[in-house]
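J.: The hints should help you fit chain B onto chain A, whose structure is shown.
Chains as they are written, first to last, in numbering that gives the first Met the number 0: chain A, 0 to 368; chain B, 0 to 368.
It should be emphasised that the hints constitute simulated quantities derived from the structure, not laboratory data.
Cβ coordinates follow ideal geometry from the N, Cα and C atoms, glycine included.
Each statement offered as a hint is correct.
Here's a subset of chain A near chain B, in silico, CB distances under 8 Å, partners left out:
#, residue
1, A120
2, R124
3, G159
Protein chains: 2
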Amino acid sequence: METVIPVHLPQHPYQISICPGGLRQIGLLMAERAALTPGQRVLVVANPNVFRYYGDAVAAALTQAGFSVFDCLLPAGERYKTLKSVQKIYDAALAHRLERGSAIVALGGGVIGDMAGFAAATWLRGIPVVQVPTSLLAMVDAAIGGKTGVNHPQGKNLIGAFHQPRLVLIDPETLQTLPKREFRAAIAEVIKYGVIWDVELFEQLEAAPRLDQLRSLSPELLLEILVRSCRAKAEVVGKDEREAGLRAILNYGHTIGHAIEALTHYRVFNHGEAVGLGMLAVGELAVELGYWSRECADRQANLIQKAHLPNRIPPQLNPDQVIESLQADKKVQSGHVRFVFPTGIGAVKLVDQVPSDAIARALRKLQVS
Amino acid sequence: METVIPVHLPQHPYQISICPGGLRQIGLLMAERAALTPGQRVLVVANPNVFRYYGDAVAAALTQAGFSVFDCLLPAGERYKTLKSVQKIYDAALAHRLERGSAIVALGGGVIGDMAGFAAATWLRGIPVVQVPTSLLAMVDAAIGGKTGVNHPQGKNLIGAFHQPRLVLIDPETLQTLPKREFRAAIAEVIKYGVIWDVELFEQLEAAPRLDQLRSLSPELLLEILVRSCRAKAEVVGKDEREAGLRAILNYGHTIGHAIEALTHYRVFNHGEAVGLGMLAVGELAVELGYWSRECADRQANLIQKAHLPNRIPPQLNPDQVIESLQADKKVQSGHVRFVFPTGIGAVKLVDQVPSDAIARALRKLQVS
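Pulled out of the complex, with its shape left as it was, chain A reads as follows (with noise of 0.2 Å):
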């Protein structure tokens, strides 16, 4: 049972491909629906956890579908995100002697997929790569649409490249191995695609009894998932590949999630928990602005609630710190800060002017419980 979902992208269209137990045939599915030939070698780019538990699958597919296949083995975890590792990548594509036509296989979570993504987007000025998320954030969106990069040391993704992959790979039997932890993350860059785009995702969530952990949905809920957040991402990046317009969307709830992230040192909270912060204080935000409904804002509330996310920000973290960081943050144009309020459910509007004492206020909201 396989699921194809196209990503239209005029110069480089591709498909994610979401089939259980896809990994034992990744060799056969990178030769014909990624173009790319057999004889080539391959360099498979993991953490040391996830390759113990999936890389001699991948290998063995691989090399029965005729390529040469490497690893490169980088720590786990969003702060070995850095052109120090992309380094590693690079040695280990000239001790291999990845040529132009070589793949790079990005296997792992959002970490591995960005770094990975990178390192073939500038290793002889754009190799191949393949995405094949293992966490189900990288799944629903780190995975789809060709952002790479790596963070500076005081700003997170501030380094990259747009590649796209020849072919994302999802593998949803992979989600087994997945920590509680993560999976509840990701959840919360599901429920960013019910508000922005898709209500019926968004009401079936709603129905679901449950929203914390895995074993708690059903296979059906799960599938539905999958396939409507990675049709909702590629459709927006079909759309607008470059961020030049309609892209900024999907960045609901990411700038001032970025900005909590990064001044709680990325060890508070990770990624998608970050997220979730970020579009219950954009959605308070969005209220008081007179964007969004009151009942709207409490669905939301209710569907990061039920997922188990945070909710609640450091009582330390000063409102004020976060409005400066927003500055620094990349998605800035001539010092004003771009926000996604949500308008509806399925529906936003960009925002470009907002007021940083209503900010303040919206983050100290979610200070006092």
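T.: Okay, now just chain B, sitting in the frame of chain A:
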């Protein structure tokens, strides 16, 4: 007196402006031709030598046109073309809060252009860059076509990205401060355009009384050299932005040239000198394998000699090492080195299967005098 050469790229067309005194108009040109908005931030990247000569004029012209100007100075020399130097540009970009509408101005030779271009390609996943080449080599080659990048400790230009400039501004007056050795090295690339693309340029070079220093060229010949070289590069790039086919002809002499540069640790020959040697070697190879006439190869050798470019490879350089180094070059396709062979003056052919022993013989010919 301005000559404008268009670069016809459907996604991002731009102009090469060859304009004596153009540095003093850079602000206006950037606003008018590069679609950059006065009021925005501009980071001028240069080395201290070039900045001492032209920094003030450029900063004044940008300020006068309404831009906010900052600078980032990097040490001069190919051996500083590293990720470490690029990180300094990132730090400056962060310190001066470059946004997506901000621009980087690459003021200098090819090293600065490549690094500043790569930083622009990868900061916030791509911000505008304006190339202002101040060396003849950068004017006729590196500044045009969007190739950016840095060296890996074990190979030249292995890390990089395609990132087209918004504008290339060539002010021939900056050549007055160019060291003689740099001038000669650039003439190697000019001769290359004659061999691969423009027989009239080749014949004009043959007709010149001298080619070894700038002041022995007539102003008319200098302009012809600039215009015809830039046009050749623009035409080739316009037909093949990403080096899928035709653009490979620009690498004539470069594959062996890169190997010679690398094996002499970038200390014996500069880029142009190494390319000159590469052209001589490939010329011999093309004659031996029956692609080129002895007469054409001698005409090329005469021009290289007239430019006082090196025409002998150091005896301690082992041809076998050169051949091994070719294997690590990024133009390698499935283990085969691709050569650009001249077939006349102004005409070339790509050849994939070249016997190693023939390469070694051609190199040895250049070692004995």
